[in-house]
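**Q** Here is what each chain is made of, one letter per residue.
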Amino acid sequence: MRKNLMEILCCPVCKGELELTVTEESGEEVLEGTLRCAACSVDYPISEGIPNLLPKTACED
Amino acid sequence: MSEDIFEQFSGDYDCWFEEHRAEYRAELARIRRLFPRPDSRALEVGVGSGRFAAPLGVPLGLEPSRALGRMARRRGIEVIRGRAESIPIRDGSCSSVLMVTVICFLDDPVPAFEEIHRILVPGGTLVLGFIEREGEVARKYLHEKGKHRFLSRARFYSSGEVRELLGRTGFSVMAIDSRAGFSVIAARKDR
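Chain order of the listed sequences is A and B. Taking my numbering, the leading residue of the first sequence gets 21, the next gets one more, and so forth. Taking my numbering, the leading residue of the second sequence gets 617, the next gets one more, and so forth.
Heads up, some of the hints might be wrong.
[To be verified] Label pairs and their computed distance ranges (CB to CB): (1) A/E52 with B/H636: 34 to 40 Å; (2) A/T43 with B/S656: 37 to 43 Å; (3) A/L74 with B/S788: 27 to 33 Å; (4) B/R691 with A/E27: 20 to 26 Å; (5) A/E52 with B/S656: 20 to 26 Å; (6) B/I792 with A/T43: 45 to 51 Å; (7) B/D655 with A/A59: 26 to 32 Å.
[Stated by the list, open to error] Rough simulated footprint, nothing fancy, chain A against chain B, three-plus residues with beta-carbon under 8 Å: (8) 688-701; (9) 705-715.
[Unchecked claim] Listed next, the in silico SDA-like pairs over lysine to any residue satisfying Cα-Cα at most 20 Å (straight line): (10) B/K756 with B/S656; (11) A/K35 with B/E730; (12) A/K23 with B/C631; (13) A/K23 with B/E730.
Because the hints were derived from the structure by calculation, they are not lab data. None of the values given here were measured: they were computed from a predicted structure. Where a beta carbon is used, it is the ideal one built from N, C-alpha and C, also for glycine.
Start from the sequences and build out the full structure, keeping to the hints where you can.
**A** As structure tokens, then:
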């Protein structure tokens, strides 16, 4: 995913802000990393450039 | 859930478009007529393998299946893995939304329509393509082995039912192209 996608992304559950942590990138493209919803205490992974924002709750972790 | 079947048979799903090129092109042409020129904030919900988003120039796709989402990404679409009923996109962020042959796989289309309404800008457009209940396409596919795998658990709606659900979720219908059991509806977010 491109970093500027952060402008429109939000938590699928509470619609609050997500915090991006990048572990692998290529220019503007995030390949691996995490999107964290602090309000829900849930981490959503970014894998092979695709953020996985299927809704989940903290108890599923 | 029906999406498991897309994960498991993603290759078969994508091949359908090659094996049924005439039907695919006809659906694509009909959607193109009603879909406004997509800009950088256009989204396809249930982008699948990107067979509609890529030729139409829709830059962004939401897709629950990992396997199909990877195919769409290889076709140049920015893919977000997620569900139509819980879209991970902020209010008023999208200019237009496309959704083709998706509502038949949802438990209930209403939460998806509500989410699409939320993410659209005021006056934004939703274009829906769907197989009509008891129409020509639904009857044909139910007798066809390949597509049966995907459609056997599908729930089809009449054009009137879909229009009623759109009205209930804050959309006004702008245009309808209902032919041969496949409907394309363009609706605008008007409140």
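**Q** Each hint should be assessed against the structure and marked as holding or not.
**A** Hint-by-hint comparison with the structure:
For A/E52 and B/H636, the hinted distance range of 34 to 40 Å is satisfied, since their beta carbons lie about 37 Å from each other. At roughly 27 Å, the beta carbons of A/T43 and B/S656 sit outside the given window of 37 to 43 Å. At roughly 31 Å, the beta carbons of A/L74 and B/S788 sit within the given window of 27 to 33 Å. Distance hint check for B/R691 and A/E27: the Cβ-Cβ separation is about 23 Å, which falls inside the suggested range of 20 to 26 Å.
Look at A/E52 against B/S656: about 25 Å separates their beta carbons, and that is inside 20 to 26 Å. The supplied range of 45 to 51 Å is met by B/I792 and A/T43, whose beta-carbon atoms lie about 47 Å from each other. Separated by about 31 Å at the C-beta atoms, B/D655 and A/A59 satisfy the suggested range of 26 to 32 Å. With 7 residues carrying a beta carbon less than 8 Å from a beta carbon of chain A, the stretch 688-701 of chain B meets the three-residue requirement, and the given coverage holds.
Beta-carbon proximity to chain A at under 8 Å applies to 5 residues in the stretch 705-715 of chain B; the threshold of 3 is reached and the given coverage holds. Restraint check: the Cα-Cα separation between B/K756 and B/S656 comes to about 37 Å, which exceeds 20 Å; the hinted pair is violated. Restraint check for A/K35 and B/E730: satisfied, since their Cα atoms lie roughly 14 Å apart, inside the 20 Å limit. For the hint linking A/K23 to B/C631, the alpha-carbon distance of about 32 Å lies beyond 20 Å, and the restraint is violated.
Between A/K23 and B/E730 the CA atoms are separated by roughly 27 Å; this puts the pair beyond 20 Å, and the hint is violated.
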